[in-house]
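Residue numbers (the numbering used here), protein chains in the order written: chain Y, 1 to 617; chain L, 1 to 249; chain D, 1 to 180.
By construction, these hints were calculated from the structure, which means they are not laboratory data.
Heads up, a few of these hints could be off.
[Claimed, not checked] Result set (EDC-like, lysine to aspartate or glutamate): computed pairs, CA atoms no more than 20 Å apart in a straight line:
{"#": "1", "chain 1": "L", "residue 1": "K25", "chain 2": "D", "residue 2": "E89"}
{"#": "2", "chain 1": "L", "residue 1": "K219", "chain 2": "D", "residue 2": "E89"}
{"#": "3", "chain 1": "L", "residue 1": "K25", "chain 2": "D", "residue 2": "D90"}
{"#": "4", "chain 1": "L", "residue 1": "K187", "chain 2": "D", "residue 2": "E66"}
{"#": "5", "chain 1": "Y", "residue 1": "K516", "chain 2": "L", "residue 2": "D80"}
{"#": "6", "chain 1": "D", "residue 1": "K92", "chain 2": "L", "residue 2": "D29"}
{"#": "7", "chain 1": "D", "residue 1": "K109", "chain 2": "L", "residue 2": "D80"}
{"#": "8", "chain 1": "D", "residue 1": "K109", "chain 2": "L", "residue 2": "D29"}
{"#": "9", "chain 1": "L", "residue 1": "K100", "chain 2": "D", "residue 2": "E66"}
Keep in mind the model is a prediction, meaning the values are calculated, not measured.
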Amino acid sequence: MSRLAGVTDLDARRKQALEAHEAAATVIAVCDGPGCNAAGSAKVAAALRRAVADAGLEGSVQIKTTGCHGFCQCAPVVVAYGDGLFFRGATPDQAPAIVEAAVNGQPIPESVLYRHPATNEPIALERDIPFYAHQERRLLKHASHIDPLQVADYLAVDGYAALARALTEMTPEAVLEEVKQSALRGRGGAGFPTGMKWELCRRAEGDQKYVICNADEGDPGAFMDRALLEGNPHSVIEGMAIGGYAIGASRGIMYIRAEYPLAVRNAALAIEVAREMGLLGEDILGTGFSFDLDIVTGAGAFVCGEETALIASIEGFAGEPRPRPPFPAQRGLFGKPTNINNVETWANIPLIIRHGAAWFSEIGYERSRGTKIFSLVGEVQNTGLVEVPVGMTLNEIVFEVGGGPKPGRTIKAVQTGGPSGGCIPASLFDVRVDYESLAQVGSIMGSGGLIVMDDRTCIVDVARYYLRFLKSESCGKCTPCREGVPRMLEVLDRIASGEGSDADIDLLGQLGRTVKGASLCGLGQTAANPVLSSIRHFRHEFDAHIHEKRCPAAVCTALITFHIDAEKCTGCTACARACPQQCITGERKQPHVIDPERCIKCGACLDACRFDAVVKE
Amino acid sequence: MIRIEIDGNAVEVAEGSTVLEAARKLGIDIPTLCHHAGLTPYGACRLCVVEVEQRGRKRIESSCTRPVEPDMVVRTDTDDLREYRRTTAELLVAQCPDSKPIRELAERLGVQNVRFEGRGMECILCGLCTRACQQKIGTPAISFIHRGVDRKVATPFEIQSDVCIGCGACARVCPTGCIAIEDMGNKRVLRVFNTELELQACSECGAYFAPQRMIDRLKTETEVTEGLLTRCPACRRQAIGAVLRQAMR
Amino acid sequence: MLLRPLERSSNEGPELKRVYLVPNRCLGCEECIEACKREHDWVACNYIEWVNRIYPVQMVCNHCAEAPCELICPAGAIHRTETGAVVVEDDKCIGCTLCNIVCPFGIPKFSEEDRHAIKCDQCAERVAAGKEPACVEACPMKALTFAEVEDYEAERRERTARRILEVGTCLRRFVAKKES
Ligand SMILES: Cc1cc2nc3c(=O)[nH]c(=O)nc-3n(C[C@H](O)[C@H](O)[C@H](O)COP(=O)(O)O)c2cc1C
Ligand code: SF4
Ligand code: SF4
Ligand code: SF4
Ligand code: SF4
Ligand code: FES
């Protein structure tokens, strides 16, 4: 890849890329995100390439493997652009039919056709699918159109135009001002205004400054940052280079968790290409600005996402938080002023510089502007990665984008902010998902996990799940978090087993306040949130466990029983055969009975019964 | 000098001092466990938490790590802080039920009964020993291993350390006294670290007086006269005494 | 490696007073040790060494110009005061005993009970208050003087001269005896 001497070279290369792009009438994008990859997207892509060759269409049809399309539940996802025909659950043997449909515009074979989950109505175009229709995909759009390993693809969608503009038309102060004007706030959790953060670091004294991209993404179930880095690594690189220019940093580091090998690979290849093209390194685009990037892989502890622990980890020490102040902007990596931002924050920067602060902030709510990517999981129809304007209500996200509850169920709560957040009951779903509104209902925005719970989810059980996670992720440095979180878990375990008392609720409150108030780092300071917020909004479920010894969602094993409804039982013996304890007795064609003494509550009978006669309470 | 206010009293301390130092200058007693004046601040036990108010914003911070800044208003004894300290102390007693110093401290902070089952540890994980060893002695002989509740202080792989010089600093900074150092014949034993060291015999009287590895490090890393290092302090006094006596005649 | 090589000196103060032993006056009564204990929480920082089992020599810290204990202390717990004494700051001491091992005179002790090093501080508080160190004051034989080195040298010269004179007198008597 030859070095670009200046902006003219860059524009020439972009033109070339666009021409090549326009030559193909149809681009078939095969999602290679984590979900689709696991579902066999590589084989599908290969089969599609073969089908194109067999049909002699190499000139007009291009097959691209792209980053995550977000709708992981339809994996492997294939989309044919121009029109955007959507194929769900693609298989290699469907490849010729898909190519044919893509070229002729219709019809989509039934086995890969998307149908509305409620109405069963077929939907052919990606943009008509409700999951996509309500989104505002600014960051994710390119990730699902371009091949992350082809820099030409990124150039064709105006890649590196923002960097060129910043370096040649703007002073560092002007870049900083633009970011401040945009009102962009950190997407890593706390929502600190990015422009202000940059300014602190820019003003700090130091011969060497660093910018860091935090791609440690440890929230269980979250994969926003992964999708961005895997699907569009150049956008993050471009954002960091612009940040380096504005802040006065000549070095950058991407801290990527080692569990993301594809993200590491794609980012590394992209850095290499950018360096060869002179978009990183000395004298970028002949402007005299120098900036280079390195990748450091993290050992994958959740706490390493915390800024000071991340710095310690890059420095080669144990990934343990350090007290702040001094803040990284004053004394960070190797004692030098350091600015850390989240992957998604960085990826927003090129958009802001290219389209302007006004464009960026035209959507959003009050002090929270722009879009935010969420990983929507749990008990909703549509799960996956979604990008929506900040300040959309939870109702819209859950019912319109997410498609509402699964058949026959009711949604009761959403957990936002992952293990640091809190659960929000359905009665409060008109809350807007922005930093301030979520804080008001006792939760946080966090990095973008949205876990939907329905009537079969037990709140006590969910709180236990998060505490178990936090217990195993606490670094153990400070007392309240190391000792307090496991003790809170003990109390919850007691409640879940039906041995809790009212005093336990007080104890949880007292422990929670101390863990929150006195812990050293953000992990401990937010660790009590899931418990405290669930007590606040779902006290009645705790009371049911404590006073009635009953788990309303029938989840907590100690509090549930299995029995057989004699009315419904046909005496088919299926349950008795499935029971590993052999504790179900009854004559053939006669109602069966479970011996509660010996039942281990495994639920095998429930699954085996075809007549809904087994009751779990 | 920087002037700050603590519990309504103004105090001036040198720039770079901590809030804890400033409070002590005023005679205000803030409990600490992981703090040691000779070691770098660490902020782990969280007993020394105070409320720091700056520009109208209040934050809870550990006073041992917090550098003073102009116009800071500090409170050391609010209801919240008392609750944090009491609960933290209760958690520490539950962690190390048999440690007398910890029980006494907890009592002083108002812990009446402990509502959790004991974890049977002796170490409160304050990190004083590891800091003394790593940062001051310059031996990475001991460090924390494992995470969360499994965290503990140990030598690498929990086997005999090949760098420990047996100086005993770890044992002497430990607030719970859980690191025992025993001298038995020509051996010094640090049982908790599975480490045994040869002691140096005095070239004059033959008494064992310091670990050989400590003497070796002094020989290679400092300019102390070699002959001196193989003589025990008592024999050094004798030798010098003899010289003085000679000179006095 | 963090053991600091012995390289720099902190002794840039004025000419300072030290405790000097006046020859042959010490009886080994240990009054100085008792006084030191009283002054220092019942741990003495001075010693009586019996040379050849019969000659008592009182020993205190030299407060060396380039004090090895101060230079080696990794915790920065030993420093020189304005009056020139090399002292341990108890709360900074981490108990490594290195000062004990590097002192050429074998002076610093280590208190396992208090968990810090203990050495002569030349009775910093007394001296600041214009008094003599406790040991000096306590010695019934006036075997100890607290003086600047110049003054002590002068005194010592005078003592020696007197001794030479005494020896000379003896000699003369001896010669006279022989001659007679
Ligand atoms: C326990 C813990 C884990 C965190 N994990 C992450 C993470 O995985 N990714 C991330 O970007 N920020 C994480 N953060 C937030 C970072 O500390 C930091 O605030 C963020 O990277 C700043 O970037 P931003 O201003 O762009 O949000 C975590 C914070 C805590 C306390
Ligand atoms: S709050 Fe938890 S994770 Fe953070 S420093 Fe303390 S123990 Fe470690
Ligand atoms: S005795 Fe060994 S482990 Fe303890 S501080 Fe000294 S060198 Fe370190
Ligand atoms: S052994 Fe002692 S000094 Fe070391 S961490 Fe444990 S309690 Fe602290
Ligand atoms: S024992 Fe104390 S005073 Fe002596 S060198 Fe060690 S830390 Fe310094
Ligand atoms: S003494 Fe400050 S946190 Fe332990």
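To see whether the hints hold, each was checked on the structure:
Taking the CA atoms of K25 (chain L) and E89 (chain D), the gap is near 16 Å; set against the 20 Å cutoff, the hint holds. Taking the CA atoms of K219 (chain L) and E89 (chain D), the gap is near 26 Å; set against the 20 Å cutoff, the hint is violated. With a C-alpha separation of about 17 Å, the suggested pair K25 (chain L) and D90 (chain D) falls inside the 20 Å cut-off, and the hint holds. The hinted pair formed by K187 (chain L) and E66 (chain D) fails the criterion: a straight-line CA distance of about 33 Å is larger than 20 Å.
For the hint linking K516 (chain Y) to D80 (chain L), the alpha-carbon distance of about 11 Å falls within 20 Å, and the restraint holds. With a CA separation close to 18 Å, the supplied pair K92 (chain D) and D29 (chain L) stays within the 20 Å bound. This hinted pair does not check out: K109 (chain D) and D80 (chain L) have alpha carbons roughly 44 Å apart, beyond 20 Å. For the proposed pair K109 (chain D) and D29 (chain L), the alpha carbon gap of about 30 Å is over 20 Å, so the pair is violated.
Of the supplied pair hints, the one linking K100 (chain L) and E66 (chain D) is violated, its CA atoms being roughly 42 Å apart against a limit of 20 Å.
Consistency note: the structure conflicts with the earlier hints numbered 2, 4, 7, 8, 9.
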